[in-house]
Amino acid sequence: MQKPVNAAPELAAIEVEETFSRSALLVRGALAAGALYGATAVTPLIRKAFAQGSMGDIDILNFALTLEYLEAAFYEEAAGVKGLSSEVAGYVKTFGEEEQEHVDALTATIRDLGGMPVEAPGVDFGDAFSSADKFIALAITLEDTGVSAYNGAAPMIESKDLLATAGGIVQVEARHAAAIRYAAGEDPAPEAFDPTLTADEVLAAVQPFVKS
Amino acid sequence: MNTSARKPSALRRVVSDPVSRRRFLALTGGTTAAGALLAACGNDDDEGDATAATTEDDMASQFGEGDLGIVNYALTLEYLEAAFYAEVAKSGLFKGDDLALIERIGQAEQEHVDALTATAKQLGGQPAAEPKAEFPLDDAKSVLELAATVENLGAAAYLGQAAAISDPEILAAALSIHSVEGRHAAVLNTLVGMPATPDGAFAQGADMQTVLEEVQPFIT
Numbered sequence: 001m002q003k004p005v006n007a008a009p010e011l012a013a014i015e016v017e018e019t020f021s022r023s024a025l026l027v028r029g030a031l032a033a034g035a036l037y038g039a040t041a042v043t044p045l046i047r048k049a050f051a052q053g054s055m056g057d058i059d060i061l062n063f064a065l066t067l068e069y070l071e072a073a074f075y076e077e078a079a080g081v082k083g084l085s086s087e088v089a090g091y092v093k094t095f096g097e098e099e100q101e102h103v104d105a106l107t108a109t110i111r112d113l114g115g116m117p118v119e120a121p122g123v124d125f126g127d128a129f130s131s132a133d134k135f136i137a138l139a140i141t142l143e144d145t146g147v148s149a150y151n152g153a154a155p156m157i158e159s160k161d162l163l164a165t166a167g168g169i170v171q172v173e174a175r176h177a178a179a180i181r182y183a184a185g186e187d188p189a190p191e192a193f194d195p196t197l198t199a200d201e202v203l204a205a206v207q208p209f210v211k212s
Numbered sequence: 001m002n003t004s005a006r007k008p009s010a011l012r013r014v015v016s017d018p019v020s021r022r023r024f025l026a027l028t029g030g031t032t033a034a035g036a037l038l039a040a041c042g043n044d045d046d047e048g049d050a051t052a053a054t055t056e057d058d059m060a061s062q063f064g065e066g067d068l069g070i071v072n073y074a075l076t077l078e079y080l081e082a083a084f085y086a087e088v089a090k091s092g093l094f095k096g097d098d099l100a101l102i103e104r105i106g107q108a109e110q111e112h113v114d115a116l117t118a119t120a121k122q123l124g125g126q127p128a129a130e131p132k133a134e135f136p137l138d139d140a141k142s143v144l145e146l147a148a149t150v151e152n153l154g155a156a157a158y159l160g161q162a163a164a165i166s167d168p169e170i171l172a173a174a175l176s177i178h179s180v181e182g183r184h185a186a187v188l189n190t191l192v193g194m195p196a197t198p199d200g201a202f203a204q205g206a207d208m209q210t211v212l213e214e215v216q217p218f219i220t
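Listed in order, the protein sequences are those of chains V and B. Numbered by the numbering used here, the letters in the first sequence go through residues 1 to 212 in order. Numbered by the numbering used here, the letters in the second sequence go through residues 1 to 220 in order.
Worth double-checking, as some hints may not be accurate.
Facing chain V, a subset of chain B residues (Cβ under 7 Å, in silico) [said to hold, decoys possible]:
#1 Gly182
#2 Arg183
#3 Ala201
#4 Phe202
Reference excerpt, derived from the structure (chain B facing chain V, CB under 8 Å, subset only) [as the list claims (entries may be wrong)]:
#5 Leu146
#6 His184
#7 Ala185
Quick caveat, the hints were computed from the structure, so don't treat them as lab data. The model shown is predicted, which means the values in this text are computed figures rather than measured ones. By construction, the Cβ of each residue, glycine as well, lies at the ideal position given by its N, Cα and C atoms.
Between the sequences and the hints, there should be enough to build the whole structure, so can you do that?
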């Protein structure tokens, strides 16, 4: 069932050291993605993950699409936040448009590959829009999580074209994170090597904001 | 904030932890490609006065092929960045928060140098030698503009290589550096009045030749 991922022995071994196996990660990733958009949708993903020992590029793209939906919705709702500096208000507009472009591009790519794009999850960002500080805190969390999610998933992407596209997106997420962090007086690049998150860690980070 | 949920990247642990480093060595020991031998030809002896006449093509070829070539190319760029920030920090042009930012960025670039040097060795190759470099340090504004240019270029350089990296662990390491270069670029852009995301929603990569042409003026 857990077919060895022969294309990436180093990755598999490294991940074992991180206390999870690649196969387990991928299954959990499918679970995580499924949990984001409903229990019924997870079944084919899980079946596929078990059958193949890995999630394909389409599954990874759908996971990314779910995150982008969250980010796009977050910035859209943030348009009414009071007390933002003009700089940050500009970021809300620009970065929100860019997240929506990511949504559109990922949706189109999944269709091109013959896949079915996931639907936008219901979202609930709580009181994140009640003050500038709360908005900024969650914006930083979401953008940093996005960076780590892409960096964690990208080495598993099989298509080199898709990898380059994902790289172009993750750099933009990193730029968003840094700009907002710096505007808030925080270190724009807190680590010399951006950490990676596994799919289940990403889920744990965004789960509070997803309405089932 | 959410930092507690995040783990240090594998490479960082490899660099800082001798146990992990041994494991990494064991893991990557079998992946050394023929390119490693080729890359080893870009040896120290070529890095002195002979480089004055070096063309971008010569520079590119001396990195060798395969992942080791890419690692040594990245190492060369990181050497330039680290040297640049070290000079800027000493220049007296900045103080307070700006100086702190420059020092933080420079420290990260130095960590990239260290990690890539270790990675080149782990791949069985010879790490690229540090290029001799000189940067114009006329005034704070032009220095920040140069810093922004360098970081945008660095981010584009990593992005341009991502699809060419074979080893998933090297790719993961390169990505974890790539996004940090993107962070640096974004902040420096905002400091010089440029958009944080000048390419819009999709950052563009740059190929090796383009990048080397850009940095050539600073290599002496």
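Outcome of the hint check:
Evaluation of the B/Gly182 hint against chain V yields a held restraint, the C-beta minimum of about 4 Å falling below 7 Å. Taking 7 Å as the C-beta contact cut-off toward chain V, the hint placing B/Arg183 at the interface holds, the least distance being around 4 Å. With a least beta-carbon distance of about 4 Å to chain V, the hint placing B/Ala201 at the interface is held under the 7 Å criterion. For B/Phe202, the suggested interface contact is upheld, since its CB lies about 4 Å from the closest CB of chain V, less than 7 Å.
Here the hint on B/Leu146 is broken, as its CB sits about 18 Å from the closest CB of chain V, past 8 Å. Checking B/His184 against chain V: minimum C-beta separation of about 6 Å stays under 8 Å; hint holds. Look at B/Ala185: its Cβ gets to within about 7 Å of chain V, closer than 8 Å, so that hint holds up.
Of the numbered hints given earlier, the model fails hint 5 alone.
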